[in-house]
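J.: Take a look at the letters that make up each chain.
Protein chains: 4
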Amino acid sequence: MGFVGGGEGSFIALAHRQAAALDGRFDLVCGAFSRDSLNNQRTGNALGLAPQRVYGDWREMIEAEARLPEDQRMQLLVNVTPNHLHAPVAQRAIQAGFHVFSEKPAALNLAELQALDQTLLGSDRLYGLAHVYLGYPMVWEARELVRNGLIGAVRKVIVEYPQGWLSQDIASQGNKQADWRDDPQRSGIGGCIGDIGTHAFSLAEFVADQQVYCLSAMLGSHVEGRQLDDDVSVLIKMSGGASGVLIASQVCAGEENPLKIRVYGELGGLEWRQEEPSSLIHRSLDQPMRILRSGLGQPWLSDAATRRMRLPAGHPEGYLEAMANLYVDFADAIQAGGAGNQVPGVPGMDIGLRGMAFIEAALINHRGDAKWTELICPSSSRSIAQ
Amino acid sequence: MGFVGGGEGSFIALAHRQAAALDGRFDLVCGAFSRDSLNNQRTGNALGLAPQRVYGDWREMIEAEARLPEDQRMQLLVNVTPNHLHAPVAQRAIQAGFHVFSEKPAALNLAELQALDQTLLGSDRLYGLAHVYLGYPMVWEARELVRNGLIGAVRKVIVEYPQGWLSQDIASQGNKQADWRDDPQRSGIGGCIGDIGTHAFSLAEFVADQQVYCLSAMLGSHVEGRQLDDDVSVLIKMSGGASGVLIASQVCAGEENPLKIRVYGELGGLEWRQEEPSSLIHRSLDQPMRILRSGLGQPWLSDAATRRMRLPAGHPEGYLEAMANLYVDFADAIQAGGAGNQVPGVPGMDIGLRGMAFIEAALINHRGDAKWTELICPSSSRSIAQ
Amino acid sequence: MGFVGGGEGSFIALAHRQAAALDGRFDLVCGAFSRDSLNNQRTGNALGLAPQRVYGDWREMIEAEARLPEDQRMQLLVNVTPNHLHAPVAQRAIQAGFHVFSEKPAALNLAELQALDQTLLGSDRLYGLAHVYLGYPMVWEARELVRNGLIGAVRKVIVEYPQGWLSQDIASQGNKQADWRDDPQRSGIGGCIGDIGTHAFSLAEFVADQQVYCLSAMLGSHVEGRQLDDDVSVLIKMSGGASGVLIASQVCAGEENPLKIRVYGELGGLEWRQEEPSSLIHRSLDQPMRILRSGLGQPWLSDAATRRMRLPAGHPEGYLEAMANLYVDFADAIQAGGAGNQVPGVPGMDIGLRGMAFIEAALINHRGDAKWTELICPSSSRSIAQ
Amino acid sequence: MGFVGGGEGSFIALAHRQAAALDGRFDLVCGAFSRDSLNNQRTGNALGLAPQRVYGDWREMIEAEARLPEDQRMQLLVNVTPNHLHAPVAQRAIQAGFHVFSEKPAALNLAELQALDQTLLGSDRLYGLAHVYLGYPMVWEARELVRNGLIGAVRKVIVEYPQGWLSQDIASQGNKQADWRDDPQRSGIGGCIGDIGTHAFSLAEFVADQQVYCLSAMLGSHVEGRQLDDDVSVLIKMSGGASGVLIASQVCAGEENPLKIRVYGELGGLEWRQEEPSSLIHRSLDQPMRILRSGLGQPWLSDAATRRMRLPAGHPEGYLEAMANLYVDFADAIQAGGAGNQVPGVPGMDIGLRGMAFIEAALINHRGDAKWTELICPSSSRSIAQ
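Protein chains in written order, with UniProt numbering: chain R, 1 to 386; chain P, 1 to 386; chain D, 1 to 386; chain L, 1 to 386.
Extracted from the complex, chain R is given alone in its bound form:
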């Protein structure tokens, strides 16, 4: 496993490393952590890498690693750079023969991602996206219950992701996370919608087991000088007859990270909330409300959920464990060596394409006068498999 990005101070890189370490399925062997060469060296040192495998540049890393004997070079490139590098790094890595696990969004825009998709399709490499929330056991349980008809045909989906950390202009105060996120060159056409709107979107499609086919969007930007959106409200219509609302915001002052989804069907509803991830609320037309807990085990929970659990009932698991579940699935897929580019259990190109199509449709709609804009996604043939 080699890292691109993730020098000192990068939260997400640390999370990736800890998540990957949890189950010991990958060893970190190389990295190109920072364009700042001192930072780069220090990071490599701290991680115990051999100096010659701390590369000054991701292109160099890919080339050099590709020249190593197969049993010595990295197997998986983990990409934790800002958005504008997601696609270029993946492009080259796949061409050079590496599997790629990338932060989302998958690219700056749909066109760039389609090009990457072509490259991927022409290869036998695996490609995954760090939609971490799709690694939580009870998210899988919710999807299974929807698929099994527990709540009947889904009618209403309410997904919300309110954060508050961009309520003020912290980018110009030196916050690096905020800085690149508001730079269209590095972040892409969407701000909040790309950063967390895509999380809400993919969660909605995943749990409701339906696809959004059209939408009406209102985007806002609330801080002086901010270039990209920081607040998103979207009406959505879905392929299976459901409709609903998607909310994503980074100016909900005081909120931490309470990504939440509710889906309601003819017979009941399900509710999951990231800040209390081990519980799944099941409401029902004709039964008392139940709280499904991740520790219930089988037969109460599906295999999809229980195999993503580590601890006995009542021992909280969180974000790192969810991310670690993606690494476990990635390791299994590499070991299995099967055909195709999709890692079973890990969000892949399909989810990436749909996320980009969502961003584009929302921006088009937001800027226009038409009520509804169709979400046009070039491909949807390779859906996530269990």
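Everything labelled a hint here was simulated from the structure, so no lab data went into it.
Check each hint, because a few of them may be wrong.
[What the hints assert, rightly or not] Going by beta-carbon spacing under 10 Å, a handful of chain P positions derived as facing chain D:
#, residue
1, GLU8
2, GLY9
3, PHE11
4, ALA15
5, ASP23
6, LEU47
7, ALA50
8, PRO51
9, ASN257
10, LEU259
11, ARG293
12, GLY295
13, PRO299
14, GLU321
Glycine included, every Cβ here is placed at the ideal spot set by N, Cα and C.
Following the hints, put chains P, D and L in place on chain R, whose structure we already have.
T.: Chains P, D and L only, in chain R's frame:
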């Protein structure tokens, strides 16, 4: 106090009577409870009314009561009929010299309500609407805190009212509450949007202390044979710069009555939920989250909140107490005998007009292709006062 | 209905009057509200009583009312005085032919209460105690579920009543509620244990459907100059094989009124919390956790619970409604005119005797070196009936 | 790092390995996982160990590792065996020059632990106990706040640890975890009290920052054929003037793992609950309730809490992260190479001794007639340091 409507089995009439009884400010002296004369008589008997003041018809009741000496006749007509009678009964009652406390929505449509408004303006009678949720102490507290700038300029409003009781076709199975609500003749042009959407709407404007000026709406109807909407999602833009989302639904299977509002400003956010009405959550950019509880008293809570409380900290108060607060304010206003038609502290014609304008704008938008529809309200000069 | 006690500023008297008013089953006709004659008069006036029925003294009131014709005099004496008057007033009222609804504890000590019991047994009058928490629908539901074997034989009971309002010396700062509660002459031998410990005790016996037969108690007093206990922790053993813990405290700084009970049996557990009274949590060995809500109605809830509900699902009911349920049952019992002194559905002499026996046993144990003290209750033949 | 115990199916060994892996501070180099040699080999293989370092027996492992050159042998022995092996393994490992991180309780009884303590004192080795709950950031925060006087002098402590998994006789049904726990030879004199009562006990002393000096205990055993206690209720008195209640049970049917502590002082109270570990509730006499969240960071939280956090606000961390915090501190201490046997930040011999003294005092009290039994702990000179 006399009742129109509210024969046997009417939940809302029983709630009104218990709420009015709580503080002993009104005595029930007459009623026209049901067109079914046996039901009408039985109800009157059960309530201990003199037989001659149990009227077969609301018109008869208004006329007969008006002929009684002033110190014997009812002072306040409480209107708990289905929607189509809200305006006609109020019209005649006001003309005959009675104060009116009416269930919402105030009329079948905006035109009918404007006519009533003219009548009201030409009178010295008081008119109130049973927007019960505006009687809760912590709703007033939220509004006060917004007005006092605790959370800075409001940016985002999320109000939701998900119910589940109309998830199936219970109207044709004999449920009377469901039956008239789906009949445009008795319910008006809106179904769910009129029944509970207006609650969400008035709560949003009340707490955010801003008015909605345009909206984009998606309405749905999910049950075979249902005539009116049962599910509503609306994007809203508000006069003071806020925007947000309004959700109201009666097909969120398994939900009871969790009306909830969140408002976020530059500095923090407030959250209130009807099913736990004594708590108000205050999130903040730079402080830990606080839970304001209705029992805190002054100086922690405003006078507007504390005067709507009855019990010491930790003794739950609920819906009936909220409604009783409206009756107390109505009694005070009658006693004070001041000028104007607005009862301080009680939702009045203004809120009625805005609610009807909201319904009409939402329906127009829903049926059209334009993204935004302006909410045009004929009058907004008489806002609710404390 | 006539009141003894409850002059201006008495919270509990106001609660009684509002609770009694809610269902309109009693009219207030007389009172002896305060030894302060001005306060007494003002209170009577404010409540609209005829001046001749505002009595200067409770003895006078009982005598005078007894001389009135039966259809004019009060039917029920409501006693909201400090503890030391509970038994004397009840004694005389019963002897004079009145039904009595008394605040708890029923007397200053067990001997005094046994004397009252003898008087009661010799009469045909009804006697009830305002153990308000036994009026909540979901408390009855919990008891029904235990009786029906839902959780199997009860093994463990944890009941707790932590308040914080006596964390400081507010008695000497003029708080009247705190003042008499710490005066052994007016409060009795117990402070916190009598004031709220008895609530916890009666709730535990009621829900677990077992009786405490021995206990080990630790009492504390944490404020300089305080005479009576303000903090109680008790180990209990119960007749049906359960054991557990009872906690009551008035120095749990910051707590409001979260009386809570948990009972665990062979197959599951139930949890109820007064500050969220409409929910009853059911945990189970082999099923997901369920939340029973008071709005579920039949067949999900027992008749005992549903007949104590007023509003549809999701409309919160609270403390006043729980107390009002006791008044409704009292009115029914008076109307029914049956034999015996126990009002079905209302805590009576039995619960009073057991509460006093609990206080005495706890104090004996606290002061001694023996680990266990038997709880000896003179009578337990007349248990609460539905 | 080498493991004793933790063959296939051991939850706690897997947790230790994942927790240790999270921060990459230890490499697993050897193990004696199971007396079943096939299980032992398979476990070693699965963990990628060299075959010669998978030992058939813990004595053999200690001897063989001690013979290896210092830079090759294990540094830390992790002991995840049943209770009866905790002290013997530690004894020999310390004598052979290894640091020891042991599951709790530290020994079968106090005498055995005192002997181990003597060995430890004569060495320069580090010794830690896996009281995992003392690794949670908000537990440290609670302790810091108590020490800083936020809630004033602590008066009342309520600690509870209700589990339900031993509600039935699962030991005889083949559950290995349940089996050894009920065997006095392997579990020691206490069942539930040793298994989880010691967690509750150490948490209470840690957060309240006071020591229990006497107690009154009631133990129970509720399942036919069970030898040891499964249910514990204890009244406690503490050195700094606090008193309170400790509850631990494994027959609270339906409960998972909601270890919870509340401490109340003169000015307020703190509440922490393991199943929602990122929140710490602060109640106050004269302020609204606050919820301190682990993501608040400085200056809101102490350094003791923030350095135990890994992720930004709202990204849940759980049990593994708490345990990993102990491993990080252990690694730091080994690296620092300081004097003494105590690992700063990790529960050590002191907590072990006090836990054993607690078990012994509780059993003595339970079996006797005296109300109070003193808790006599041979040493309390080396308290946990930050």
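J.: A separate judgement is required for each hint: does it hold in the structure or not?
T.: Results of checking the hints against the structure:
1. GLU8: 15 Å, violated
2. GLY9: 12 Å, violated
3. PHE11: Since the shortest Cβ distance to chain D is 6 Å, the answer is holds.
4. ALA15: 6 Å, holds
5. ASP23: 7 Å, holds
6. LEU47: 8 Å, holds
7. ALA50: Since chain D brings no Cβ nearer than about 16 Å to ALA50(P), farther than 10 Å, the hint is violated.
8. PRO51: 18 Å, violated
9. ASN257: 3 Å, holds
10. LEU259: LEU259(P) check passes; min Cβ-Cβ to chain D is 9 Å, inside 10 Å.
11. ARG293: 7 Å, holds
12. GLY295: 6 Å, holds
13. PRO299: Violated, about 17 Å.
14. GLU321: GLU321(P) check passes; min Cβ-Cβ to chain D is 7 Å, inside 10 Å.
In this structure, the hints that do not hold are numbers 1, 2, 7, 8 and 13, in rising order.
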